[in-house]
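Let chain D serve as the given structure and place chain Z on it in line with the hints.
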Amino acid sequence: MLPLALAAPAQAVDLAWSGFGTLGYAQSDQPVNYQRFIDEKGTFKRDSVLGAQVDARFSQQWGATLQVKAAPSNHSDAQWQASLAWAFVSWRPSDDWLIRAGKLRLPFMLNTENADVGATYDFVRLPQEVYSIAPTTDVVGLSISKTWFGETFDWTAEAYSGKASTYWRYYGRDRTIDNARSAGSWFLPIDMKSSGLVLTARSMEHTVRVGYHEGEASRPGERMGSGFNYAACPPPPGAPAGTVMPPPYCYNLGANDLDKVRVPIITLGASVSLPEHFKLTAEYGKSKIGSASRGLNRWGGYVALSKRIGAWTPYVYYAKVKSKGDALSMYEQFNGNAGVVNPAYRSYQRLMADLLADYDQSTVAVGTSFWVTTKSVIKAEWSQVNTGVASSFVDAPVGGESGNRRIDVLSLSYSFTF
Amino acid sequence: MTRIFARSLLLASLLSGAAGGGAAEEIVVIAHPTLPKADRPTLLRLYTGRTVSIGMQSVTPLNLSAGNPLREKFLKDCLEQTEEQYTGYWLVRRYVGKGAPPPELSSVDEVLRYVQDNPGAMGYVPLSRLPRNANVVFRC
Numbered sequence: 001m002l003p004l005a006l007a008a009p010a011q012a013v014d015l016a017w018s019g020f021g022t023l024g025y026a027q028s029d030q031p032v033n034y035q036r037f038i039d040e041k042g043t044f045k046r047d048s049v050l051g052a053q054v055d056a057r058f059s060q061q062w063g064a065t066l067q068v069k070a071a072p073s074n075h076s077d078a079q080w081q082a083s084l085a086w087a088f089v090s091w092r093p094s095d096d097w098l099i100r101a102g103k104l105r106l107p108f109m110l111n112t113e114n115a116d117v118g119a120t121y122d123f124v125r126l127p128q129e130v131y132s133i134a135p136t137t138d139v140v141g142l143s144i145s146k147t148w149f150g151e152t153f154d155w156t157a158e159a160y161s162g163k164a165s166t167y168w169r170y171y172g173r174d175r176t177i178d179n180a181r182s183a184g185s186w187f188l189p190i191d192m193k194s195s196g197l198v199l200t201a202r203s204m205e206h207t208v209r210v211g212y213h214e215g216e217a218s219r220p221g222e223r224m225g226s227g228f229n230y231a232a233c234p235p236p237p238g239a240p241a242g243t244v245m246p247p248p249y250c251y252n253l254g255a256n257d258l259d260k261v262r263v264p265i266i267t268l269g270a271s272v273s274l275p276e277h278f279k280l281t282a283e284y285g286k287s288k289i290g291s292a293s294r295g296l297n298r299w300g301g302y303v304a305l306s307k308r309i310g311a312w313t314p315y316v317y318y319a320k321v322k323s324k325g326d327a328l329s330m331y332e333q334f335n336g337n338a339g340v341v342n343p344a345y346r347s348y349q350r351l352m353a354d355l356l357a358d359y360d361q362s363t364v365a366v367g368t369s370f371w372v373t374t375k376s377v378i379k380a381e382w383s384q385v386n387t388g389v390a391s392s393f394v395d396a397p398v399g400g401e402s403g404n405r406r407i408d409v410l411s412l413s414y415s416f417t418f
Numbered sequence: 001m002t003r004i005f006a007r008s009l010l011l012a013s014l015l016s017g018a019a020g021g022g023a024a025e026e027i028v029v030i031a032h033p034t035l036p037k038a039d040r041p042t043l044l045r046l047y048t049g050r051t052v053s054i055g056m057q058s059v060t061p062l063n064l065s066a067g068n069p070l071r072e073k074f075l076k077d078c079l080e081q082t083e084e085q086y087t088g089y090w091l092v093r094r095y096v097g098k099g100a101p102p103p104e105l106s107s108v109d110e111v112l113r114y115v116q117d118n119p120g121a122m123g124y125v126p127l128s129r130l131p132r133n134a135n136v137v138f139r140c
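From first to last, the protein sequence lines are chains D and Z. Counting from 1, one number per residue, gives the positions in the first sequence under the working numbering. Counting from 1, one number per residue, gives the positions in the second sequence under the working numbering.
Chain Z extracted, bound-state conformation:
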């Protein structure tokens, strides 16, 4: 399973380049194969730190760095948030002692690798970078 996922990752990278998908593309949320499907409210709770698991399984949601167009599209399409709203929410949440925002990675490649290697990891990628056999848990 891991090998197929890795090959797919490589193929997807070759086909679409390393920089990530365009802003107009559909975004899909992928997760380590152990995680079940999610709905939008669950996704929102995970990315806002209000929940840290699906069922009994711990989840590590991943974000791209602020300023990345794909992140802005994810926030808008999947979480129905603007960058200002989302960053503002986490500013308050962090400083009321309720934890830190999701880890930020710098590229789609890093997200794909992290999701593949780490049980519980969840991230988002453009449809064009979706590896074959990836565990798609939500389509925005």
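Next comes chain D alone, as it looks inside the complex:
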């Protein structure tokens, strides 16, 4: 921290600069990509990030924070992207009120706001089964929080509202929605409006948080589809107008009949310090999205146990995510129909299944962090992922499945702040 202008705080601005980064390497035992980048060849792209933050204090009541970061793009698997993570003005009219306006990261899970800063938690990476539940964690908007100071706990209620433009990533195993000849990912632009209320009880040792978030998703300039139909397969390119394909039928994406869809999310989390320097952390999230991608209706949770032993913090966690049963059943139906339709429509049926964006997987992870200094940490982790019916975290190979897979992942990272 570089405190500037300390000699004249009433007139000058105090600027506190800081930076953070993670150099992370991960390698799996599978040729398919997991969490976009992790495969048997190894990657630095999954966990590496570099950022800088400046906190400006104009007075005890007024301040501003700006944070920029460079990380893999949120709308391309091939590119890196520099982005503004935070850019807000804060006003603290009294000790118990805090009002922030600008670009904010929302208090979804316990570590959502500091997720980019690896030196603020012990895991190599936060369990994606839970931390991917929210379609977006950043908004441009307003946040108002009120704190009640207690003997042991401070209780904070934070209400927020804002908008964001983001992308939903899809992956087609055999083909994409635009290209029938090539598998790959694509990123659907989405406009989100989000409001919510989060209650947090916090002491120096424990944190408990519960939140309700009401989102609204829409596609800029387009409508969204609500579901699928079982009807004649689409005529091939070049077929005369009015051609109706005979049975067997296909599952087809229905009409784009929705202007927007509701995205309600509930979040629960607790981190509790136990005797002998043990810490128990558990989080849960559940989302509901009424679009054709009904696999996004899912719950995720994890339980983690860690123990501080000097500079070391070994940990173990179990995480699970599962889409609603009807979404998983539909996936199996669509996939099954790929074996029934004319072979020319197989990849089309499998694309319909991919559009459901289903999640069904669990992860067991064992790892440790080693604090080199109070601001830098080396972490290592082995994790094993087991997928059920399907998992949108796995980019399945052409003709293959994301489901019924076991993926072992070794990860090593170095995180720092300065």
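Rather than coming from a laboratory, the hints here were simulated on the basis of the structure. The reader is advised that the hints may include incorrect statements.
The calculated lysine-lysine pairs, modelled on DSS-like cross-linking and capped at a C-alpha distance of 25 Å, are [as the list claims (entries may be wrong)]: (1) D:LYS375 / Z:LYS76; (2) Z:LYS76 / D:LYS279; (3) D:LYS146 / D:LYS103; (4) D:LYS103 / D:LYS69; (5) D:LYS163 / D:LYS69; (6) D:LYS324 / D:LYS260; (7) D:LYS146 / D:LYS163; (8) D:LYS286 / D:LYS163; (9) D:LYS307 / Z:LYS76.
In this text, all values refer to a predicted model and were calculated from it rather than measured experimentally.
Here is chain Z on its own, set in the frame of chain D:
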């Protein structure tokens, strides 16, 4: 008042040297004369950024740089924190957008000067460096 405080500061510096007090000494928390007394929970809240005032008066808590033995003793005796806990707490707090940690000064002399010159300032010094007529708001 300011002149007396300055003389006391000079005297205290001459008597105990410029490097700061020993780690075994009692620590006292001093503040600009305008600030009232504080208790341990208030001190903890101020140094953890959860409150920024006492009553209606704004407070600027001051810290010594990390690694300073007096800082470690202050954290242990006054806030009941280790350096790791305190730094870890602020790492998270800063990166959830709740502000920056207290300004860090490099010596007790700087703390004494800053507290003397700036309304709302609060810092800690070893008992041997306590200026006469200083506003002691808390004894750890």
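Hints, verified against the model:
no.: 1; hint: D:LYS375 / Z:LYS76; in the structure: holds (19 Å)
no.: 2; hint: Z:LYS76 / D:LYS279; in the structure: holds (21 Å)
no.: 3; hint: D:LYS146 / D:LYS103; in the structure: holds (19 Å)
no.: 4; hint: D:LYS103 / D:LYS69; in the structure: holds (14 Å)
no.: 5; hint: D:LYS163 / D:LYS69; in the structure: holds (20 Å)
no.: 6; hint: D:LYS324 / D:LYS260; in the structure: holds (21 Å)
no.: 7; hint: D:LYS146 / D:LYS163; in the structure: holds (22 Å)
no.: 8; hint: D:LYS286 / D:LYS163; in the structure: holds (21 Å)
no.: 9; hint: D:LYS307 / Z:LYS76; in the structure: holds (21 Å)
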